[in-house]
Amino acid sequence: MSAPRAILGLVVLALAAWFLVAVFKPTGRPLAAPTAFTSSEQCKECHPTEYAEWKGSQHSLAWTNPAVRALSNDFANQDCIDCHAPKPVFVTGIGERVLPRVERRTEGVDCIACHQLPGDGGMAGTLTDATAACRPVETLDLIKPEFCAGCHNQHKTVDQWRESDWPAKGMDCRACHMVPRVGSDAKGHDHGFPGGNVLAMVQKAVELGGERDGQGWKVVVKNVYAGHTFPTDERSRAADVFWRPVERDGAPIGPWRHLHRMRDPYRTEPDLPSTLLFPGERRELALADPEASGAVEVGLFYKRSPYWKDPEHPDPEQEAELVHRITLRP
Amino acid sequence: MRRALVLLLALVACSDPAPPAPPATDPGEEQRPAFELRDVVAARITALDAELAAGGSPAEADPERVRGLLAMLAPGPHSFEEVALADFASLGDAAVPELERALGSDPPDEKARLAALQALAACGTDRAAEGLLGTLEASPNALLRAHAAWRIGSMGIHWTLPRLVLRLKYEKDHEVVLWIADALAGLGNLAGLSGLSVVAASAPDEGLRARASSKLSEIALLRGCASGAELESLWNAGDARLAEPKRSRRYEREIWSWIARFQEFQLRGVDDARFVLERLDASAALLCAAALHDRDRYTRVHSAQCLERMGPRARGAVPELVLALRDPELASHAVAALGGIGEITSEPAMIGALAAGEAFDLRLSAARALGRFGARASAGAASALRALLAPSEPLELRQAAAESLVALGAGDEVAPFLLECLRSSTLEPRTTEEALARWLEAKAREGNVRAGEVLAAWNALASEPGAVVPAEEQRLAREQRRKLVQEALTDLLPARMAR
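First to last, the protein sequences are chains P and Y.
Under the numbering used here, the first residue of the first sequence carries the number 2, and numbering increases by one thereafter.
Under the numbering used here, the first residue of the second sequence carries the number 49, and numbering increases by one thereafter.
Just to be clear, a hint being listed does not mean it is correct.
Taking CB as the label site, the calculated pair distances span [as the list claims (entries may be wrong)]: (1) Y:534 with P:292: 36 to 44 Å; (2) P:57 with Y:374: 39 to 47 Å; (3) Y:156 with P:271: 13 to 21 Å; (4) Y:86 with P:34: 33 to 41 Å; (5) P:129 with Y:538: 55 to 63 Å; (6) Y:468 with P:129: 40 to 48 Å.
The hints are simulated quantities; they were obtained by calculation from the structure and are not laboratory data.
Just so you know, even glycine gets a beta-carbon here, dropped at the ideal spot from N, CA and C.
Looking at chain P on its own, in the form it has when it is part of the complex:
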C-alpha cells in the first residue's frame, strides 16, 4: 500500500471512529421514565426549599385551615372544594375555571395542582430536562396572571389587577406574592405566597391617616400598594375602621366604635353594598360624632371572617388584627 493511501485510510478510520462515538456515546444520564406523582411529598427530595416554603403557605393549608373549615362547614358546602382542592390547572386549562379533585385533598393547592402537565407530560417548570425525575418542561404560562385566575378570579382579583395601573407598571401577581429569592446562591421564586395572612403585607398595602374637618375629623384610608382591591378574593375578608376618643395623655375613653367596613358581601347579603377599596383609591370617612371633637384614636383592623361574637359590641382587638393605629389631635 502506498503512503498516501495509508494516510487516507487512517483519516477515514479516524472519522468513522469519531462518528461512531458521537452516535453511540451514552449521554451521561438516562431519560427519566414517566412517573405517576400522587403526592407533593414526592417533590420534597429534589426541591426541599420550594417544598418547605409551600408547606408554610396558605396554599398548603387551603384544605386544612381551621377558618376555611368553619366557613365552609367542613366542606359540607361542596362548592368550595373546586378552588381549595383543585385538579391540576394545566388539565382544566390556563385561565379556565378549576374543577375539584377527589384524591389527596388534604394537600390543598399543592405542587401537583400547579405543575402537573396533562397525560404523562411531566411537570411545568422553568427549564426542560428529560433526564430529571419529574421531566420538567419549560412552560411560560406558569408566570402569567392568567395562571392564577382559574381560582383567584372567582372574586375578580385578577380582573381588579387588570383594570388598575399595575400591569402598566410591569407588576403582576408574582411581583408581590412570589418574589425572587434573595441570597448569593439563591435562585427561583419564593413559594410561600404571602398575602393577607402576612401582617407586613397588609400594612404595606394600605395607609391610614386623618385631618381636621370642622369640629370633627376626616379619616383617610388609601390603597397604596395592593395590585387589587383591599380586601380582595374571598368575601369573608373584612377590614374595619374603628375609633374612640382619648384623653390628653392618649389613654382611650371607652370601647372602640365602628366607623367603616371594607368588604365584598356574600351573595346571600343583597342588602349590603360592596365597599372594597380599589387600587389607588383614597377614601375619606367623616367622623362627626360630638365625642370626636377632641383627640381620637383610629385603628384599621383586618379579619378573615366577617362576623363578630357580639355584633352590637364588636371587640376588634380580640377578634381582628390591628393593621394601623393613629392618634389625631386638634
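With chain P fixed as given, assemble chain Y onto it according to the hints.
Same frame as chain P, now just chain Y:
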C-alpha cells in the same frame, strides 16, 4: 477504503438513536367503546327556541282602560272585582305593559301594586308571569314578594318553578318563604318543605309559625301523608306515589337554560344552577342525564354533581351514569352520583370501578360511593371493599374502603385500622371520625353499654358548630377521641377480634 465506508454506513444504519418506544398497552385490556360526546345543550336550546317561537305580541291595551280596571279591583261595597279579573283574562299580554308600570309606581302605592299583581295573575300569560317573577326577585317590599309568590303559584305555569326554587336560596323573609313553598307545592315540587319546617319552628311571630305549621300539614294531607316530615322523606326518596305532573316544553327550555349556566366562569351562576336543579324532580334528572354527553367538561361534571345531590329522584339517570364511567373526566363524578342515587342495580358497575387498572380518582370515588348503600349493599360490594384494605393499596383508598365498610355494617373489622388512620398527617380525619362515631352508635343500639359511654365522651369533645378551632387543638381532641376508643376496644369488639 470502500469497505470501510460500507462498514461505517452499515453500523450507522443499525444504530437506534430514537428514544425508547412507550410501553405497549396490555393486549388483554378490554377495548371499551368511548363515551359519546356531542353538542347536547346548545342543540336542545336551539331546537326548543324554534319550537316555542311565539308570534308577535298583541298591541298594548289602552293604559286608561287598564288603570280603570285596576281601580275596580279595590275592595269596597260595590266591587266589580270579578268583572275586572275577567277583562284582564281576555286582555292577556296586552295589559301587561301598563301593569308593569303600575308595579313601579312612584311614589310607591302598596295597594295599587298589590292590585297590579292580582291583575297580572288574572292575565294568565307567560309575560304576565315574568312580571310577577320580577317582583318576587327584586322588590324590597316583603309583602309584595309574598303576594307575588302566591299569585305565581295560582297561575299553575310550570316554567316558573326553577326561579321559585332559586328564591329559596336568597329569601330571608319567613312569610315569603311560606308562600314560595306553597307555590312550589301547587306546581308539584316539594323543595320548599324544608324551608316551611324552618318557618314553623323558628319564625319570630307566633301566628306565622302556626300558619306555616298548618300549611305543612295541609300540603302533607293532600298527598296522603300524616305529617310534613313524612312527606319530605318521601320526596327525598323519590317515592313513586309523588308522581310529577306533566311538564311543558317551556319548562324543559327553562331547565336547559339552567344547565347552560354550568359553563360560566363565575361560580355564582354555577352555584345557582346547581341549587335549582338538585331540587327538581325526575324530568329534570333526565335532562341532566342527557347533558352528561355534552362536549363541555363543566356541563358534564356539574350535571353529574346535580344528579348526585338529587338523590333517588334522579334514578332515571342511572343508565347514562353507568355509561359515563367510560369518560375519564367524568367517571369519578358519575360513580359518586350513582352512590347518591342509591339504585342497587348500579352496584355491579360501581364494583367494577374499583378494579386495579382504573384511574385512582375513580377507584377512590367508587369506594366512597359504595358506602352510601349502607345495609342494602351486597356481599359482593363488601368483598370488593375488603380487597382494597390490602397493604399494597394506597392509604387513602384503604381509608375510604374502611369507612364504607363501617356503613355496610362491618365496622368491627376495620375499627382498629381507622384508629390508625386518625394518626396520619396526610389523611382527612373528619370522615374517619364520622365513620367511627357511626360505628359506636350502631354498637350502642345493639346494646353495648361501653359503646354508649364511649360515644358520650366522644361527643363531649365536639367543638361548637361554626367555631374556628386552632389546628393543634383539633389534633389534641382527635387524639383524645382515638385513645377513648383504643382503650375500650376490648369491650367494643367481639371477643375473637379483640385478641
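Evaluated hints:
1. Y:534 with P:292: 36 to 44 Å: violated (59 Å)
2. P:57 with Y:374: 39 to 47 Å: holds (41 Å)
3. Y:156 with P:271: 13 to 21 Å: Distance hint for residue 156 (chain Y), residue 271 (chain P) holds at roughly 19 Å.
4. Y:86 with P:34: 33 to 41 Å: Because 37 Å falls inside the window, the suggested range holds.
5. P:129 with Y:538: 55 to 63 Å: holds (59 Å)
6. Y:468 with P:129: 40 to 48 Å: Given range 40 to 48 Å: holds, Cβ gap about 42 Å.
In terms of the numbered hints stated before, the structure departs from hint 1 and from no other.
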